[in-house]
Amino acid sequence: MKISAEGKTALIVNGQGKVGQAIAAALTASGATVVEATAGGLDLSSQAAATRSAPAVADSPFLLIHVSAGLNSTDRAPDGSAPSELDRFAFAARAFAPQVARIVHVISAAGVVPLRGDAAFSAAQAGLASLTRALAMELAPDVVVNALAVGAVDDADERLVSHSPLKRAATPAEIANAALFLADPANTYTTGHVMTVDGGWSIGYARDF
Amino acid sequence: MDVDLTGRVAFVTGAAGGIGRATAERMAACGAAIVVADINGDGAIEVAGQLPKAIAITVDIRDSDAVEAAVSKTVESFGRLDILINNAGVNTFKDRVDIDAFPAEEWRRIVGIDLDGLYLMSKAAAKPMIAAGGGRIVNVASVVGVTAMRLQSAFVAAKAGVIHLTRSMALELGPKGIIVNSIAPGSVMTEGTRQLFYGEDGSFRAQTAAFMKHIPLGRPATVEEIAEGILFLAAPDNSYMTGHLLMVDGGWTAGYML
Ligand SMILES: NC(=O)c1ccc[n+]([C@@H]2O[C@H](COP(=O)([O-])OP(=O)(O)OC[C@H]3O[C@@H](n4cnc5c(N)ncnc54)[C@H](O)[C@@H]3O)[C@@H](O)[C@H]2O)c1
Numbered sequence: 001m002k003i004s005a006e007g008k009t010a011l012i013v014n015g016q017g018k019v020g021q022a023i024a025a026a027l028t029a030s031g032a033t034v035v036e037a038t039a040g041g042l043d044l045s046s047q048a049a050a051t052r053s054a055p056a057v058a059d060s061p062f063l064l065i066h067v068s069a070g071l072n073s074t075d076r077a078p079d080g081s082a083p084s085e086l087d088r089f090a091f092a093a094r095a096f097a098p099q100v101a102r103i104v105h106v107i108s109a110a111g112v113v114p115l116r117g118d119a120a121f122s123a124a125q126a127g128l129a130s131l132t133r134a135l136a137m138e139l140a141p142d143v144v145v146n147a148l149a150v151g152a153v154d155d156a157d158e159r160l161v162s163h164s165p166l167k168r169a170a171t172p173a174e175i176a177n178a179a180l181f182l183a184d185p186a187n188t189y190t191t192g193h194v195m196t197v198d199g200g201w202s203i204g205y206a207r208d209f
Numbered sequence: 001m002d003v004d005l006t007g008r009v010a011f012v013t014g015a016a017g018g019i020g021r022a023t024a025e026r027m028a029a030c031g032a033a034i035v036v037a038d039i040n041g042d043g044a045i046e047v048a049g050q051l052p053k054a055i056a057i058t059v060d061i062r063d064s065d066a067v068e069a070a071v072s073k074t075v076e077s078f079g080r081l082d083i084l085i086n087n088a089g090v091n092t093f094k095d096r097v098d099i100d101a102f103p104a105e106e107w108r109r110i111v112g113i114d115l116d117g118l119y120l121m122s123k124a125a126a127k128p129m130i131a132a133g134g135g136r137i138v139n140v141a142s143v144v145g146v147t148a149m150r151l152q153s154a155f156v157a158a159k160a161g162v163i164h165l166t167r168s169m170a171l172e173l174g175p176k177g178i179i180v181n182s183i184a185p186g187s188v189m190t191e192g193t194r195q196l197f198y199g200e201d202g203s204f205r206a207q208t209a210a211f212m213k214h215i216p217l218g219r220p221a222t223v224e225e226i227a228e229g230i231l232f233l234a235a236p237d238n239s240y241m242t243g244h245l246l247m248v249d250g251g252w253t254a255g256y257m258l
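Protein chains in written order, with our numbering: chain A, 1 to 209; chain B, 1 to 258.
Don't read these hints as lab results, they were simulated from the structure.
Please note that the accuracy of each hint is not assured.
Take a look, some chain A residues computed to stay more than 10 Å from chain B by CB distance [stated by the list, open to error]: (1) G7; (2) L71; (3) A136.
SDA-like, lysine to any residue: derived pairs with alpha carbons at most 20 Å apart [said to hold, decoys possible]: (4) A:K2 with B:T6; (5) B:K94 with B:S239; (6) B:K213 with A:K18; (7) B:K176 with A:R207; (8) A:K167 with B:K176; (9) A:K8 with B:K123; (10) B:K213 with A:K2; (11) A:K18 with B:L120; (12) A:K2 with B:H214; (13) B:K94 with B:E105; (14) A:K167 with B:E172; (15) B:K123 with B:E105; (16) A:K167 with A:A101; (17) A:K2 with B:C30; (18) A:K2 with B:D2; (19) A:K2 with A:F62; (20) B:K176 with A:E174; (21) A:K18 with A:V35; (22) B:K94 with B:G199; (23) A:K2 with B:G7; (24) A:K8 with A:T188; (25) A:K167 with B:P175; (26) B:K176 with A:T188; (27) B:K213 with A:M137; (28) A:K167 with B:G177; (29) B:K176 with A:H163; (30) A:K2 with B:K176; (31) A:K18 with A:A173.
Ideal Cβ placement from N, Cα and C applies to all residues, glycine included.
Make a model of the complete structure from these sequences and hints.
Below you can see the structure in the form of structure tokens.
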């Protein structure tokens, strides 16, 4: 699938994982230039720092993709540690809002239905989902802000396939197609939405118990 | 969004109306053959006449025999049925009243079309899809199926039913290769909503203007914006999202603006 993104710049934060890479590849195939936002010295330590450092990153970007670091790692924050990623997502979104027309937060489907044994991670991801909705209200009507809640990808977590009626994990390219829908300049009316691409894992009981 | 539907057949109910027509046109532009199905036969013929590869079928989706016949005619005409867009739907215009005054007849009319009709269509269309090993079903719900509104209880209940029926269909049909999703349009500019929300001149009534303040994007959708969402859900490229409710609502359900 392709969108019309010729000559446009897309910024990506934490794009090094397989999902981020697939999204970057899909955007590139659609004609966009994809720039790792932190490579230009984006500083997400505070809102002031983010706002100061953001404009230097790229010329006229149209899109900010922010991938949750939790998706790129199985080394998750233990219960009790602060979900500081919430701050970084908010800082980046507000810093780039004057420049971009759309923002896509790539988060885990654990933010929609919690994963047993991963309470802090699940709660933090739910926080990112709520932040997405709040930012959609805050940044409207100039910026549309959505989240992509990703289920099992490749060899990922068996817990995230367990109840999927499709009985398989996604390929990164399948996730990227959904990201393209949200990133598409033609998406002018979906905002504050958490698009769950999880093979139906979060919708109910796919198994005969 | 560039989607290739060449060689695919899409059955669109309510395709003589606002969102259905825009969807039929968008999918036809992607190369699909279209079945323009509507209770309004003249309207269906008119829409089909404008499309490169289409047939019109007059059908009342409440009538199970007519629904089965429409699906058979589709397979006879085009050899297959890949995509079902359950778009036909009605709301109440005359009875904007609370539940204690809501007429049983109007309740049955609305639930009969919006929920029962969608069930009959899905049941009939799933058969050729299962036989072929896959397909796509897209159910057009509404924001009111998630966020309730006053004075339209039948529509609110029917659309909530559509959203949850979508999930149970996704669970049942996923192993058979059929991806099932729903879409929740917010307020959309069509003839129907124009009568309800907009004055004769097409500008907002005072109440509509107040209502628009609850929508972050501050305006109703165009039918094309809804059709774009339906297209993604129906596309072969959407191969891992199922049972989902895609909101195309300008942020209406993100939270309360006021
Ligand atoms: N317009 C909006 O603001 C809005 C908002 C949310 C959801 N929706 C939903 O979108 C869908 C399309 O609505 P629209 O706004 O395009 O309305 P519309 O009235 O323009 O089109 C509906 C079409 O359905 C057909 N239809 C009605 N009863 C039928 C039956 N029994 N069998 C076959 N066809 C039948 C009508 O003839 C009409 O052509 C509906 O399901 C509606 O509930 C619309």
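Point to revise | A136 (chain A) remote from chain B - nearest C-beta pair above 10 Å | key: violated, 5 Å
Exercise for review: Take a quick look at whether K2 (chain A) and T6 (chain B) sit within 20 Å of each other, Cα to Cα.
Suggested key: holds, 16 Å
Practice item. With a cut-off of 20 Å on the C-alpha distance, tell me whether K167 (chain A) and G177 (chain B) pass. Key: Status holds; Cα separation ~11 Å.
Review point. Would the pair K18 (chain A) and A173 (chain A) pass a check requiring their Cα atoms to be no farther apart than 20 Å?
Key: Cα-Cα ~9 Å, so holds.
**Study point:** Whether G7 (chain A) stays farther than 10 Å from all C-beta atoms of chain B, as the label says
**Key:** holds, 16 Å
Exercise for review: With a cut-off of 20 Å on the C-alpha distance, tell me whether K94 (chain B) and E105 (chain B) pass.
Suggested key: Distance ~12 Å between K94 (chain B) and E105 (chain B) Cα, so the pair holds.
Practice item. Please work out if K18 (chain A) and V35 (chain A) have their alpha carbons no farther apart than 20 Å. Key: Given that 20 Å is the threshold and the Cα spacing comes to 16 Å, the pair holds.
**Study point:** Status of L71 (chain A), Cβ more than 10 Å from any chain B Cβ
**Key:** holds, 15 Å
Check your understanding: Is it true that the CA of K213 (chain B) sits at most 20 Å from the CA of K18 (chain A)?
Key -> Since the Cα atoms of K213 (chain B) and K18 (chain A) sit roughly 40 Å apart, the hinted pair is violated (cutoff 20 Å).
Exercise for review: Would you mind confirming whether the straight-line C-alpha gap from K167 (chain A) to A101 (chain A) stays at or under 20 Å?
Suggested key: With a Cα-Cα distance of about 36 Å, the restraint between K167 (chain A) and A101 (chain A) is violated, given a limit of 20 Å.
Review point. Does the alpha-carbon distance linking K8 (chain A) and T188 (chain A) stay inside the 20 Å limit?
Key: holds, 17 Å
Point to revise | Pair hint K18 (chain A) and L120 (chain B), alpha-carbon separation not exceeding 20 Å | key: violated, 42 Å
Checked against the numbered hints above, the structure violates hints 3, 5, 6, 9, 10, 11, 12, 15, 16, 26 and 30; every other hint is satisfied.
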